[in-house]
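Residue numbers (this note's numbering), protein chains in the order written: chain H, 1 to 240; chain Z, 241 to 510.
Any given hint could turn out to be false.
[Unchecked claim] No more than 30 Å apart at the CA atoms, straight line, and that leaves these computed lysine-lysine pairs for DSSO-like: (1) Z:Lys472 x H:Lys114; (2) H:Lys114 x Z:Lys488; (3) H:Lys114 x Z:Lys493; (4) Z:Lys472 x Z:Lys488.
[As the list claims (entries may be wrong)] Stretches of chain H that chain Z covers, calculated by requiring three or more beta carbons in the stretch to come under 8 Å of a beta carbon on chain Z: (5) 44-54; (6) 58-66; (7) 172-181.
Please keep in mind that the hints were generated in silico from the structure rather than gathered at the bench.
In this text, a Cβ means the ideal position worked out from N, Cα and C, and glycines have one as well.
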Amino acid sequence: MKIAYGAIAVVWAAWLWLNLTPSLQGQRGWGVAISTFFLTLFLLFLSRRGEGIARSFTTLLGFGYGAHFFGDVLYQVYPPADTLGFADTWYYVAYGFFIAAGITGLLFLAELTKRPVTIQWIASIAFGLLISVVYYLVFGQATWREATNSIAQFTYLLDVLLVGMSSTIGYLFFTLARRSWGGMYAQLFILPAAGLSFAVVADMIFAARRSLDLYQTGDLSDWVRLGGQTLILLFIAMAE
Amino acid sequence: MSDVSRLELVASIGRALCRKRQVIPIAQGTAWNQFNQAQLTNGLLVLERNGEHLARGVYQAGELVYVTARGQENQAAIAVLASERFDVQFYPLDRASQCLLLAAVAGEVLETGVSRVLSQVNLVETLQLQLFDGAVLLELGIQSICVRMMQGHFECSQSLAQTPLRYRCTKIAWQETKLPSIETNAKSTTILSSRMTQEIPTSREDLIFGQFETLIRSYLGLEASAVMQATKAELRGIPEQQLVTQLKSRLQKIGSSVVLDFENRIGQSS
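Make a model of the complete structure from these sequences and hints.
Shown next as structure tokens:
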């Protein structure tokens with residue numbers, strides 16, 4: 001089994017490297033979609049092998065990446081659809097699963113410690129909102145003004161909200177990792193936390209794309225997502 | 241290389257991201273009496289011999305791991321985890337009457353190993369141990385294993401008997417020489433009756449909580465303290481079987497393999 005995991009890691013690294021080469025300029029969105037697909041399969045496979053909280057956690061992550069995959073494909077097949085938020089809708093579903101995974105982890109701790117985790121929920125959502133607002137104030141106002149119609153403004157707001165959601169996910173996972181530091185579950189939480197935090201950066205880059213070159217920033221955010229996925233794959237290999 | 245046995249030790253070190261592996265080749269035909277030391281910290285321990293899993297689990301400071309290879313019960317590997325390092329010693333157990341004692345005191349290896357031969361030791365006779373708190377392994381022949389000692393109390397389960405017997409040493413002291421000593425002293429021991437074993441002696445409860453905490457800490461790290469605080473506040477003083485059931489239901493949230501591990505640790509395999 002370890003040989004199989006090693007082989008997958010090598011293939012993944014090769015894929016990441018390939019996506020960094022100029023030959024795939026402008027096509028990295030497909031690179032992300034393909035790697036997301038295999039990451040989804042891998043997570044779901046692991047969830048069947050795992051048990052308890054580890055199983056719930058990997059299942060939710062798997063569903064999340066499954067939804068993310070549909071969003072990736074939809075955006076690649078029909079990019080204009082995204083102007084109405086079609087692909088983004090799948091990302092919201094994906095991030096919903098990721099948040100559910102984080103909350104599942106918190107509830108697990110709450111049940112064992114008999115301590116409420118309401119504060120952590122609220123704090124994570126507040127953190128996401130704060131990042132969204134700060135992001136909008138720093139980067140978003142000009143883009144907002146440049147939006148030609150209400151649909152474009154709405155789409156942009158959805159992107160900013162995605163930044164907030166990924167920040168919430170990062171906060172949740174890092175909270176879990178901090179609380180379980182020193183235990184085996186810390187690695188279960190910390191690397192997805194790091195990987196999904198990369199998604200925050202990717203979302204920010206992507207949300208700012210209207211004031212930058214579309215292809216360059218699109219490629220960059222895709223590359224960042226690939227890096228995040230690699231970290232999650234690393235967590236899987238280590239947890240096994 | 242086919243005649244070479246390989247004892248493989250894998251331990252995760254401190255942080256989960258770092259893993260250290262040490263392979264100790266042991267020539268076939270020789271007992272595991274070579275003195276090997278691996279300096280590793282708490283974490284996952286895997287002991288393999290010729291690819292055969294001998295022990296696998298997550299252990300903490302002061303815990304003691306004991307394994308024997310199938311068909312080679314006269315040889316054993318013993319590992320004691322110290323606070324910051326992981327000392328592994330291998331001792332031959334080539335005489336049925338040999339008594340092997342290893343003590344870890346307050347999370348640190350006090351003695352790297354003291355082996356005494358007690359001929360014809362009868363378990364009904366008793367042993368007076370002069371040690372601090374910590375993990376103790378007492379090997380009588382190949383059957384009896386005692387893995388934990390707390391101040392003033394020594395428990396020993398004798399696996400030859402269907403019903404585990406427990407021995408209590410009423411006098412456990414500390415010697416300045418730091419050398420554990422063993423001597424027979426029937427008067428110093430009380431054999432708990434079967435009636436008494438139905439109750440939970442305080443130390444038994446502590447042992448059960450201790451094993452639960454070990455497992456919880458291995459998965460939840462820092463959060464284990466909060467879990468133990470809540471668990472003890474809720475479950476202290478309840479009958480043993482109820483306590484075990486409650487703790488198992490908590491461990492079930494981590495996984496059924498953890499429950500099995502817990503059962504093995506407290507000697508209640510189902």
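Hint check:
{"no.": "1", "hint": "Z:Lys472 x H:Lys114", "result": "holds, 12 Å"}
{"no.": "2", "hint": "H:Lys114 x Z:Lys488", "result": "holds, 16 Å"}
{"no.": "3", "hint": "H:Lys114 x Z:Lys493", "result": "holds, 14 Å"}
{"no.": "4", "hint": "Z:Lys472 x Z:Lys488", "result": "holds, 14 Å"}
{"no.": "5", "hint": "44-54", "result": "holds (count 5)"}
{"no.": "6", "hint": "58-66", "result": "violated (count 0)"}
{"no.": "7", "hint": "172-181", "result": "holds (count 4)"}
The structure fails hint 6 only (numbered hints given earlier).
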